[in-house]
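Chains as they are written, first to last, in UniProt numbering: chain A, 1 to 324; chain B, 1 to 324.
Hints were generated in silico from the structure; no laboratory data involved.
Which copy is meant is left open, so a pair is good if it fits within one copy or across any two.
Cross-link-like lysine to any residue pairs, in silico, SDA-like; alpha carbons within 25 Å at most:
{"id": "1", "residue 1": "11", "residue 2": "219"}
{"id": "2", "residue 1": "63", "residue 2": "128"}
{"id": "3", "residue 1": "36", "residue 2": "115"}
{"id": "4", "residue 1": "239", "residue 2": "219"}
{"id": "5", "residue 1": "205", "residue 2": "27"}
{"id": "6", "residue 1": "11", "residue 2": "215"}
{"id": "7", "residue 1": "316", "residue 2": "9"}
{"id": "8", "residue 1": "58", "residue 2": "96"}
{"id": "9", "residue 1": "11", "residue 2": "227"}
{"id": "10", "residue 1": "316", "residue 2": "3"}
{"id": "11", "residue 1": "285", "residue 2": "155"}
{"id": "12", "residue 1": "311", "residue 2": "155"}
{"id": "13", "residue 1": "58", "residue 2": "127"}
{"id": "14", "residue 1": "11", "residue 2": "51"}
{"id": "15", "residue 1": "36", "residue 2": "202"}
{"id": "16", "residue 1": "142", "residue 2": "23"}
{"id": "17", "residue 1": "102", "residue 2": "51"}
{"id": "18", "residue 1": "58", "residue 2": "126"}
{"id": "19", "residue 1": "182", "residue 2": "61"}
Protein chains: 2
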Amino acid sequence: MKYTEFEIISKYFQRHQRKNSNEIQKGIGDDSALIKILDNNVLAISTDTLVEGTHFLKNIAPKDLAYKTVAVNISDLAAMGAYPKWTTLSITMPTSNSVWLKEFSDSFFDTLNKYNIKLIGGDTNRGPLSITLSIYGTLEEKTALLRSSANIGDLIYVTGHLGESAAGLFLLQKKIFLKDLKIRNYLIKKHLHPIPRIYEGINLKNIASAAIDISDGLIADLNHILNNSQCGANINLNKLPISSILKENFKKKYYLDWALNIGEDYELCFTISKKNIPKLDIMFKKFLINCTCIGYITPLEQGFHLFYNEKEIFLKKRGFNHFN
Amino acid sequence: MKYTEFEIISKYFQRHQRKNSNEIQKGIGDDSALIKILDNNVLAISTDTLVEGTHFLKNIAPKDLAYKTVAVNISDLAAMGAYPKWTTLSITMPTSNSVWLKEFSDSFFDTLNKYNIKLIGGDTNRGPLSITLSIYGTLEEKTALLRSSANIGDLIYVTGHLGESAAGLFLLQKKIFLKDLKIRNYLIKKHLHPIPRIYEGINLKNIASAAIDISDGLIADLNHILNNSQCGANINLNKLPISSILKENFKKKYYLDWALNIGEDYELCFTISKKNIPKLDIMFKKFLINCTCIGYITPLEQGFHLFYNEKEIFLKKRGFNHFN
Numbered sequence: 001m002k003y004t005e006f007e008i009i010s011k012y013f014q015r016h017q018r019k020n021s022n023e024i025q026k027g028i029g030d031d032s033a034l035i036k037i038l039d040n041n042v043l044a045i046s047t048d049t050l051v052e053g054t055h056f057l058k059n060i061a062p063k064d065l066a067y068k069t070v071a072v073n074i075s076d077l078a079a080m081g082a083y084p085k086w087t088t089l090s091i092t093m094p095t096s097n098s099v100w101l102k103e104f105s106d107s108f109f110d111t112l113n114k115y116n117i118k119l120i121g122g123d124t125n126r127g128p129l130s131i132t133l134s135i136y137g138t139l140e141e142k143t144a145l146l147r148s149s150a151n152i153g154d155l156i157y158v159t160g161h162l163g164e165s166a167a168g169l170f171l172l173q174k175k176i177f178l179k180d181l182k183i184r185n186y187l188i189k190k191h192l193h194p195i196p197r198i199y200e201g202i203n204l205k206n207i208a209s210a211a212i213d214i215s216d217g218l219i220a221d222l223n224h225i226l227n228n229s230q231c232g233a234n235i236n237l238n239k240l241p242i243s244s245i246l247k248e249n250f251k252k253k254y255y256l257d258w259a260l261n262i263g264e265d266y267e268l269c270f271t272i273s274k275k276n277i278p279k280l281d282i283m284f285k286k287f288l289i290n291c292t293c294i295g296y297i298t299p300l301e302q303g304f305h306l307f308y309n310e311k312e313i314f315l316k317k318r319g320f321n322h323f324n
Numbered sequence: 001m002k003y004t005e006f007e008i009i010s011k012y013f014q015r016h017q018r019k020n021s022n023e024i025q026k027g028i029g030d031d032s033a034l035i036k037i038l039d040n041n042v043l044a045i046s047t048d049t050l051v052e053g054t055h056f057l058k059n060i061a062p063k064d065l066a067y068k069t070v071a072v073n074i075s076d077l078a079a080m081g082a083y084p085k086w087t088t089l090s091i092t093m094p095t096s097n098s099v100w101l102k103e104f105s106d107s108f109f110d111t112l113n114k115y116n117i118k119l120i121g122g123d124t125n126r127g128p129l130s131i132t133l134s135i136y137g138t139l140e141e142k143t144a145l146l147r148s149s150a151n152i153g154d155l156i157y158v159t160g161h162l163g164e165s166a167a168g169l170f171l172l173q174k175k176i177f178l179k180d181l182k183i184r185n186y187l188i189k190k191h192l193h194p195i196p197r198i199y200e201g202i203n204l205k206n207i208a209s210a211a212i213d214i215s216d217g218l219i220a221d222l223n224h225i226l227n228n229s230q231c232g233a234n235i236n237l238n239k240l241p242i243s244s245i246l247k248e249n250f251k252k253k254y255y256l257d258w259a260l261n262i263g264e265d266y267e268l269c270f271t272i273s274k275k276n277i278p279k280l281d282i283m284f285k286k287f288l289i290n291c292t293c294i295g296y297i298t299p300l301e302q303g304f305h306l307f308y309n310e311k312e313i314f315l316k317k318r319g320f321n322h323f324n
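Pulled out of the complex, with its shape left as it was, chain A reads as follows (with noise of 0.2 Å):
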């Protein structure tokens, strides 16, 4: 079946949403919407582009591809710490079939209203499949976690675990193989429903010094905190988190390089001064949530050091710019 724009967004994407405040002065419907930001606010926002065969496979089911294009996105703000609020959607097709719309809407406007987003605009265009979500969050001025501040001798944390939605891609992607299926769909489910790190990130923006969500792998990432921070660090490998599936399941050499190289976890990794740490201790337990220390953080004339069993490790691929 064939829709007009018009007809595309007044089916799938103009749906009535639970409305919990008079921010939004203006949704879908005119040439721009309208927000309004609350005094001693200020306002995050974060664009991200998802591409077939660049980001998605090709036979990626719509809702899974709906949900993760809304995740990946409040991952950015889940790192600043920021309350995630309203997005805008542009969606490209190269034809407008009726059951790829419902299924990607239904699971589209099922994500936000998990996490109390408001759509507020956006477009359907024709052509290769890809889609732009713009993500606007709100949060009290001087409070983001940045990139910027961490401190020499700070703490280096990421929450949950990582390594395991690699697993996911490559097992999608016949690179790698597992008999056991429940195994097997756990790993996949890592990789195509991310869950993005918001209430840790709100509850972190009191206590950590600076933050990002790992999405280019760990090293990378950190590296970004430690280029904008101006610091170096050392990292102990023994203490990376990784899960009991992925150490029963493959060798140390496959999982350690997807936790420090792949990425995709949309985990938080950040920094906090040792005198925070009684308090993150009580923050994680009332949310029941893991975290766990893997390093510190130096002076930038000490590098970016990874330590196994007490010996320096180099790898090949880092990501590094400025250590190199």
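Given the coordinates of chain A, assemble chain B onto it according to the supplied hints.
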């Protein structure tokens, strides 16, 4: 030459931009941008994707593509009466061609600087050429020019001339021909370099009742005002602002169709109460802007009618929704 995403961003898109406010608390280089909206202001957000082959021709010059991407997005804010301030750019390209990137990014920043707009984020991706721009502006609360506030008896105006952009497009597509190179280039420029009516929009805020920018053709776009305001309209086609260039070089049946149905003029169509006409005259004289009254708003039940030489005209293609 091949670049990584980070190299492309730092080489072409992370330029020094004149700073004129403390509204940007964080620009490019963290997980999200952070923006402070001034008190009593609201944020206007608009987003548009341009796809190769759908929105622009395959052989378009990168500088023209960059200009047009910015201009058509600004036009949406112009139709709200907002001041354009910030933008995010998501660009998807098949290869990272340094000649293309230099020409595109030079023109992109030239256009942003012209309108005092700052790039605050975005991403670059590999894939079929397409560009998504989101543009952000501000305006004083409760002053926006909405599509929904036209009133019965209001006069309907358009700025500038209509139909020249369509002529330029058809010349580029070789669907029509012109021997006169000067006129040919003038019309092509009207298509490639539409001027967003940002100052007109800002100044119309206090005197017009409703507005829209003409991107899909006068009929389709005026119809959005009528649908949103629950009104009808009578339009006198003899009054359509058609330039002497179109009248002297093309048949009436062509230029009327271009003006009514093709769009991409990015002029404003607005409605205004008769009592505000003296203010409109003063404003348009001051800014040396053409604007032409083409009809008036009627009650919903009277419908949408077009007249030419005092006879009603029925068009095959109208983009209508509720008057069919």
